[in-house]
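From just these sequences and the hints, can you work out the full model?
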Amino acid sequence: MIRSEILKEIAPIIRDHLVVCNIGLPSQELHMIDDQPTNFYMLGTMGLSSSIGFGLALAQDKPVISIDGDGSVLTNLGTLPTIANNATGNYTLLIIDNGSYGSTGDQPTYAGMKTSLSAVATACGCENVIEVQDKDLGPVLQSAIDSDEMTIIVCKCDSGNIKLPVITMDPVVIRHRFMEAVKA
Amino acid sequence: MNIDKKIVDDLVANDVSFVTTVPCKQLAGVIEEVENRDEIFHIPSNKEDEGMGLCAGAFMGGKRPMIIMQNTALGVTLNTLATLTQFYRMPLPMLISYRGELREPVSCQVEMAVHTKALLAQLNIPTYHFHWQKDVEEFDNILKYTFMSNKPVAILTDANFWGGYGDQ
Ligand SMILES: Cc1ncc(C[n+]2csc(CCOP(=O)(O)OP(=O)(O)O)c2C)c(N)n1
Ligand SMILES: [Mg+2]
Numbered sequence: 001m002i003r004s005e006i007l008k009e010i011a012p013i014i015r016d017h018l019v020v021c022n023i024g025l026p027s028q029e030l031h032m033i034d035d036q037p038t039n040f041y042m043l044g045t046m047g048l049s050s051s052i053g054f055g056l057a058l059a060q061d062k063p064v065i066s067i068d069g070d071g072s073v074l075t076n077l078g079t080l081p082t083i084a085n086n087a088t089g090n091y092t093l094l095i096i097d098n099g100s101y102g103s104t105g106d107q108p109t110y111a112g113m114k115t116s117l118s119a120v121a122t123a124c125g126c127e128n129v130i131e132v133q134d135k136d137l138g139p140v141l142q143s144a145i146d147s148d149e150m151t152i153i154v155c156k157c158d159s160g161n162i163k164l165p166v167i168t169m170d171p172v173v174i175r176h177r178f179m180e181a182v183k184a
Numbered sequence: 185m186n187i188d189k190k191i192v193d194d195l196v197a198n199d200v201s202f203v204t205t206v207p208c209k210q211l212a213g214v215i216e217e218v219e220n221r222d223e224i225f226h227i228p229s230n231k232e233d234e235g236m237g238l239c240a241g242a243f244m245g246g247k248r249p250m251i252i253m254q255n256t257a258l259g260v261t262l263n264t265l266a267t268l269t270q271f272y273r274m275p276l277p278m279l280i281s282y283r284g285e286l287r288e289p290v291s292c293q294v295e296m297a298v299h300t301k302a303l304l305a306q307l308n309i310p311t312y313h314f315h316w317q318k319d320v321e322e323f324d325n326i327l328k329y330t331f332m333s334n335k336p337v338a339i340l341t342d343a344n345f346w347g348g349y350g351d352q
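Listed in order, the protein sequences are those of chains A and Z. Per the working numbering, the very first residue in the first sequence carries number 1; after that it's consecutive. Per the working numbering, the very first residue in the second sequence carries number 185; after that it's consecutive.
Hints were generated in silico from the structure; no laboratory data involved. The beta carbon of each residue, even a glycine, is placed where N, CA and C say it ideally should be. Careful: at least some of the hints might be erroneous.
Unchecked claim - Quick partial rundown of chain A residues pointing at chain Z, CB under 10 angstroms, derived from the structure: (1) G44; (2) I52; (3) A59; (4) V64.
Unchecked claim - Calculated pairs, DSSO-like style, for lysine-lysine (alpha carbon to alpha carbon, straight line, at most 30 angstroms): (5) Z:K318 to Z:K189; (6) A:K183 to Z:K328; (7) Z:K209 to Z:K190; (8) A:K183 to Z:K335; (9) A:K8 to A:K135; (10) Z:K209 to Z:K301; (11) A:K163 to A:K8; (12) A:K62 to Z:K335; (13) Z:K328 to A:K62; (14) Z:K328 to Z:K209.
What the hints assert, rightly or not - Label-pair restraints from in silico Cβ distances: (15) Z:P310 to A:H176: 19 to 25 angstroms; (16) A:H176 to Z:A305: 24 to 30 angstroms; (17) Z:G246 to A:N85: 19 to 25 angstroms; (18) A:Q142 to Z:G348: 55 to 61 angstroms.
So this is what it looks like as structure tokens:
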């Protein structure tokens with residue numbers, strides 16, 4: 001499965017939850033598949049999906065899911081020790097690991113070579129790290145959201161992209177709509 | 185006057201309750217004070233742009249955030265300031281130790297000091313420079329201004345403000 005197929009499959013699971021979605025194609029795909037006020041689309045700032053989602057999870061009680069990418073986690077590896085050492089049960093980090101910088105043309109990342117992001121997360125002190133194959137993600141994600149423990153999911157999948165338009169919504173509108181949903 | 189305590193008192197009075205930090209020798213006292221206050225959640229970050237991401241999330245979760253960092257880190261935060269904090273219009277007070285200014289003993293620190301104000305000006309970030317202890321009196325107003333304007337705002341604090349660099 002490629003990322004867009006995964007997002008289609010998990011859309012019903014994440015629809016009613018606060019989601020922070022990674023820059024580039026992941027946000028464009030989620031926006032096209034199931035735009036919700038509970039989605040925060042990153043239009044830039046590669047690497048910070050996990051940090052933004054984690055700050056949000058620490059600041060309020062609702063479940064938060066950060067949808068991140070392998071390349072983006074690699075660029076902000078310092079996030080994993082911070083998350084591990086300040087764990088909060090309402091937070092789920094979903095790393096869609098297609099082994100490539102998908103949004104820029106599927107250049108390979110080190111996560112598709114010798115580097116295991118799940119091993120890195122574990123070494124950083126994250127306690128519930130689950131590596132899962134794309135087709136098995138749904139139930140794993142659902143139980144991570146339902147559980148009171150913070151979970152890091154590394155979802156291995158194929159690289160590949162679909163053609164789709166950029167998000168033209170104004171960032172302040174995205175942010176305002178999202179903050180209203182956080183308060184609701 | 186204990187400026188560490190005064191700064192953190194102002195944070196609490198302005199409802200700033202989520203503070204991320206990367207240490208600097210000059211900031212040790214204020215970081216310790218932040219850590220010791222029940223009203224403030226202190227989360228050390230590993231890199232300043234990561235910390236700004238945490239602050240963005242905390243803001244959207246209803247908290248008033250703040251970052252405490254050294255000016256040498258400004259370069260690594262430029263993309264985040266432009267594409268996250270400013271693009272989405274979020275407030276962020278940045279208490280920055282201004283290394284490489286008067287009374288600095290480490291020559292390498294001067295190399296980023298000479299770029300600090302220029303970079304902040306290039307980003308149109310409102311910038312205040314605390315040089316004398318009494319300058320801290322402005323801190324409360326700066327916090328109010330930051331959350332009124334929904335912008336990142338820099339408070340540069342040099343060695344003279346902190347009472348020198350310490351043992352040299
Ligand atoms: C600082 C910075 N460097 C590079 C880019 C270009 N860029 C945008 S998305 C992306 C790939 C992200 O890869 P990954 O996190 O694995 O997500 P994927 O698209 O594969 O799902 C890159 C390199 C950028 N936006 N910002
Ligand atoms: Mg990828």
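Could you work out which earlier hints the structure fails to respect and list their numbers in ascending sequence? When the structure is compared with the hints, none of them turns out to be violated.
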